[in-house]
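If you want the building blocks of each chain, they are given just below.
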Amino acid sequence: GENVGLHLPTLSVQEGDNSIINCAYSNSASDYFIWYKQESGKGPQFIIDIRSNMDKRQGQRVTVLLNKTVKHLSLQIAATQPGDSAVYFCAESYTQGAQKLVFGQGTRLTINP
Amino acid sequence: DSGVTQTPKHLITATGQRVTLRCSPRSGDLSVYWYQQSLDQGLQFLIQYYNGEERAKGNILERFSAQQFPDLHSELNLSSLELGDSALYFCASSVGVGRGTGELFFGEGSRLTVL
Chain A
1 GENVGLHLPT LSVQEGDNSI INCAYSNSAS DYFIWYKQES GKGPQFIIDI RSNMDKRQGQ
61 RVTVLLNKTV KHLSLQIAAT QPGDSAVYFC AESYTQGAQK LVFGQGTRLT INP
Chain B
1001 DSGVTQTPKH LITATGQRVT LRCSPRSGDL SVYWYQQSLD QGLQFLIQYY NGEERAKGNI
1061 LERFSAQQFP DLHSELNLSS LELGDSALYF CASSVGVGRG TGELFFGEGS RLTVL
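Chains as they are written, first to last, in this note's numbering: chain A, 1 to 113; chain B, 1001 to 1115.
Here chain A stands alone, though its shape is the one from the complex (with noise of 0.2 Å):
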């Protein structure tokens, strides 16, 4: 069935590095991908995303990498800030879009000074 997994459940990284966080989907119909981030006590925001004819995708100091051929997402982090703890999940579409979203299981994303 439809099921998206992240490879690491905690990521800690020092402050000014980079981070890299995987995901894993096993949908093979999946063609829209997004990333969202989560703070404490707060709802999902939306981070990036990126369509199914793409393979990379940068916004501001986030990139994401997608590789259809092995079901593989990423989102990379660049110059980690306190501010980016957080728990960071990705998210699939058959749709095109956000109806029926499926996230994985999270990955949390720390960062030692």
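Hints are supplied without guarantee of correctness; some may be wrong.
Said to hold, decoys possible - Here are the simulated DSS-like pairs of lysine-lysine, each with C-alpha atoms no more than 27 Å apart in a straight line: (1) B:Lys1057 / A:Lys100; (2) A:Lys71 / B:Lys1057; (3) A:Lys68 / A:Lys42; (4) A:Lys71 / B:Lys1009; (5) B:Lys1057 / A:Lys56; (6) A:Lys68 / A:Lys56; (7) A:Lys56 / A:Lys100; (8) B:Lys1009 / A:Lys56; (9) B:Lys1057 / B:Lys1009; (10) A:Lys71 / A:Lys56; (11) A:Lys100 / A:Lys68; (12) A:Lys42 / A:Lys100.
What the hints assert, rightly or not - Facing chain B, a subset of chain A residues (Cβ under 8 Å, in silico): (13) Gly16; (14) Ala29; (15) Tyr32; (16) Pro82; (17) Ser93; (18) Phe103.
Honestly, the hints are just simulated from the structure, not real lab data. The beta carbon of each residue, even a glycine, is placed where N, CA and C say it ideally should be.
Please arrange chain B on chain A, whose structure you already have, making use of the hints.
Below, chain B alone, put in the same frame as chain A:
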């Protein structure tokens, strides 16, 4: 602040009871989505409404129901509550029906504890 308002923030009730969670979407957003977040299941899509009509259904139990009113606010009704229903319930909204973008605006959630 996402602009999505959820009430109550916390709710404690007993098994067998019924509760109603309320959501006001961002101004101008026509779609409302309900998600359940629990420790063992992560974020699970429950149901979506667009301009008052049900548009998509996920893993929503028959004991749960939702509706969207003419003023676009939405309510999620949970009945015959069980211990396993304890979770964070999130409401999210989007401008359109949900096609073309996966950007949802989430509220801060309603934490339900069933004792």
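Tested hints:
1. At most 27 Å may separate the alpha-carbon atoms for a hinted pair to count; Lys1057 of chain B and Lys100 of chain A meet this at roughly 7 Å.
2. Distance hint between Lys71 of chain A and Lys1057 of chain B is fulfilled; the C-alpha atoms sit about 25 Å from each other, no more than 27 Å.
3. Only pairs whose Cα atoms come within 27 Å are accepted, and Lys68 of chain A paired with Lys42 of chain A is rejected, the gap being roughly 31 Å.
4. Our distance criterion of 27 Å between C-alpha atoms is broken by Lys71 of chain A and Lys1009 of chain B, whose separation comes to about 37 Å.
5. Proposed proximity of Lys1057 of chain B and Lys56 of chain A is contradicted: the alpha carbons are some 31 Å apart, above 27 Å.
6. Proposed proximity of Lys68 of chain A and Lys56 of chain A is supported: the alpha carbons are some 11 Å apart, at most 27 Å.
7. The suggested pairing of Lys56 of chain A with Lys100 of chain A holds, with an alpha-carbon distance near 23 Å, which does not exceed 27 Å.
8. A C-alpha spacing of about 38 Å is found between Lys1009 of chain B and Lys56 of chain A, which places the hinted pair above 27 Å, so the restraint is violated.
9. For a cut-off of 27 Å, the pair hint linking Lys1057 of chain B to Lys1009 of chain B stands: about 24 Å separates their Cα positions.
10. In summary, the hint linking Lys71 of chain A to Lys56 of chain A is supported, as the alpha carbons are separated by about 14 Å, within the 27 Å threshold.
11. In summary, the hint linking Lys100 of chain A to Lys68 of chain A is supported, as the alpha carbons are separated by about 20 Å, within the 27 Å threshold.
12. Of the supplied pair hints, the one linking Lys42 of chain A and Lys100 of chain A holds, its CA atoms being roughly 21 Å apart against a limit of 27 Å.
13. The restraint placing Gly16 of chain A at the interface with chain B is violated, with a minimum CB-CB distance near 29 Å, outside the 8 Å limit.
14. With its C-beta approaching chain B no nearer than about 15 Å, Ala29 of chain A sits outside the 8 Å limit, and its interface hint is violated.
15. Hint status for Tyr32 of chain A relative to chain B: holds, with the closest Cβ pair at about 6 Å, below 8 Å.
16. Using the Cβ-Cβ criterion of 8 Å, the hint placing Pro82 of chain A at the interface with chain B is not satisfied: the shortest such distance is roughly 21 Å.
17. Checking Ser93 of chain A against chain B by beta carbon gives a least distance of about 6 Å; that is within 8 Å, so the hint holds.
18. Of the supplied interface hints, the one on Phe103 of chain A holds, with its beta-carbon coming within about 4 Å of a beta-carbon of chain B, less than 8 Å.
Hints 3, 4, 5, 8, 13, 14 and 16, counting from the list given before, are not met by this structure.
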